[in-house]
Amino acid sequence: MIEIKHITKHFGKLKALDNLDLKLEKGQCIALIGPNGCGKTTLIKSILGMVLPEKGDIIFNGQNIKHNNEYRKHIGYMPQIGRYPENMTIGQVIDMIKGIRNSNEVLDNDLYEQFEIGKMLHKKMRTLSGGTTQKVSATLTFMFRPEVLILDEPTAGLDPVAAEILKTKIIAAKKAGSLLLITSHFLSELEGIVSQVIFIQDGKLMLHKNTMELKRDTGKDTIAQSIVHLLKTQTV
Amino acid sequence: MMRILKYVALDILKTKIVIAYTIMLALFSWSAFSLEDNTAKGLVTMLNIVLLTVPLVSVLFATIYVYNSAEFIELLLSHPVKRSMIWKALFTGLSLSMTVAYIVGIGIPLLIFTDLGTALIMIISGSLLSVIFVAIAFLASILTRDKAKGIGISIMLWLYFALLFDGLVLFLFFQFSDYPIEKPIVILSALSPVDLCRILMLLRLDVSAMMGYTGAIFQHFFGNSWGLLLSFSLLALWVVVPFYFSLRKFNKRDL
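Chains S and B, in that order, are what the protein sequence lines are.
Those letters in the first sequence? Residues 1 to 236, per UniProt numbering, in order.
Those letters in the second sequence? Residues 1 to 255, per UniProt numbering, in order.
One should not assume that every hint holds.
Straight-line C-alpha distance at most 27 Å; calculated BS3-like pairs for lysine-lysine [said to hold, decoys possible]:
id, chain 1, residue 1, chain 2, residue 2
1, B, 249, S, 15
2, S, 55, B, 249
3, S, 73, B, 88
4, S, 66, B, 252
5, S, 26, S, 204
6, S, 119, B, 6
7, S, 13, B, 147
8, S, 98, B, 6
9, B, 252, S, 5
10, B, 82, S, 23
11, B, 82, S, 5
12, B, 252, S, 204
13, B, 252, S, 23
14, B, 252, S, 15
15, B, 249, S, 13
16, S, 15, B, 147
17, B, 252, S, 73
18, S, 124, B, 16
19, S, 73, B, 82
20, B, 82, S, 98
21, S, 73, B, 249
FYI, nobody ran anything at the bench for these hints, they're computed from the structure.
Excised from the complex, chain S in its bound form:
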């Protein structure tokens, strides 16, 4: 579904992505993990066309994403720190995105109702707490029933109840056959949800495996333990 072909990206002298090659298949739930500053967010932003790699191509459903924007119709993106126009209210932001997406499909209002966004529509984005901003981001991400969901640290900043609601929603989306790409530092949180693991270090792909295979190869019970084991033994 998404093919990433040998992309390289520098920020000044820093090499954020180094000849990265990946293939993401439909129906998978993929955990994107790696140390801080390893290029996870750069990779995600490259897929979204916000960061333009120097070398390599990204193919989305057979189409090169260069000079293309229609493919983003199929992507829902939840940023790590949602940045919204400060003067707009929640209601205005949601209306604007609806207007821009102009989708004919029935909207998915599950999260809208569960997070009780309706009660806060008049609040200005500037006044929101980090957690509430994340709730708005999550609602917008799932609203248009995208085929691909990219979630950057989705549960960071959410209260336990909200995090649980979001987790249930993620599982539901996986069952519905969406491709999910999740980054998180809390590996235990991803346990039981993800079907594949991608490990990136210094912009290089170190590992891309099924979770089952990974656990079997390392002889550990959880993803977290397997990754730690691999890092310790330096076999990655």
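With chain S fixed as given, assemble chain B onto it according to the hints.
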């Protein structure tokens, strides 16, 4: 594009700066016309105000607005919206609001107090000046990510075009006054949109007669309809070129 433009326009209206700017321009022009006993004097007073304030407000407001729109741009980019569309919508929204403010604030009293031809030239050149400095603001704000630096560049550019350039031309004029430099000066003036507007207006007001031989040269160059057309196309070029370069840079930028 129209959909994005709608939200940009609503947002600009909400800041109320543009409304305050309109009222300020209206106050200037009404008082200039009612205080001076003849219209020509009132026009010269207004011309000086217009040539200083319009570029300054346009360039500053647009620069700050573009920097404050960073979140807006980022939000839209994760949705199916063309990159260049966002930039064009921002530019159109800002240009439109600055132009409308100018036309309402200055254009209406002009149409009431002066003859149609003079009013039209001043309205068109002032509107173009607004758009030109919005375009310059776009170029300044894409050059650096630092807001303070960007605003600094904008103010420097305004200083250069509104004050320094004039001084430079005058300096050259006096230094080389023994040589026939009238023609190079004419060409040089075209390099600054503010000066171009000033010449257009002064010629219209027949003050050029007081500028001696140089005035005659200017009259010869810019006074006829071809000169008028040429200077308006030069002004249009001042809109297109900075905006084009900013757009090209924006399309290649990482967000």
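Verification of the supplied hints:
1. 249/B / 15/S: 22 Å, holds
2. 55/S / 249/B: Distance ~18 Å between residue 55/S and residue 249/B Cα, so the pair holds.
3. 73/S / 88/B: 21 Å, holds
4. 66/S / 252/B: Cα-Cα ~11 Å, so holds.
5. 26/S / 204/S: With a Cα-Cα distance of about 23 Å, the restraint between residue 26/S and residue 204/S holds, given a limit of 27 Å.
6. 119/S / 6/B: 26 Å, holds
7. 13/S / 147/B: Between residue 13/S and residue 147/B the Cα gap is close to 23 Å, so the pair holds against 27 Å.
8. 98/S / 6/B: 14 Å, holds
9. 252/B / 5/S: 20 Å, holds
10. 82/B / 23/S: Holds - the C-alpha atoms of residue 23/S and residue 82/B are around 25 Å apart, at most 27 Å.
11. 82/B / 5/S: 23 Å, holds
12. 252/B / 204/S: 24 Å, holds
13. 252/B / 23/S: 25 Å, holds
14. 252/B / 15/S: 18 Å, holds
15. 249/B / 13/S: 20 Å, holds
16. 15/S / 147/B: 26 Å, holds
17. 252/B / 73/S: The given pair, whose Cα atoms are some 21 Å apart, holds under the 27 Å limit.
18. 124/S / 16/B: 17 Å, holds
19. 73/S / 82/B: The given pair, whose Cα atoms are some 12 Å apart, holds under the 27 Å limit.
20. 82/B / 98/S: This hinted pair holds, its Cα atoms lying about 16 Å apart.
21. 73/S / 249/B: It holds: about 25 Å lies between the C-alpha atoms, which stays within 27 Å.
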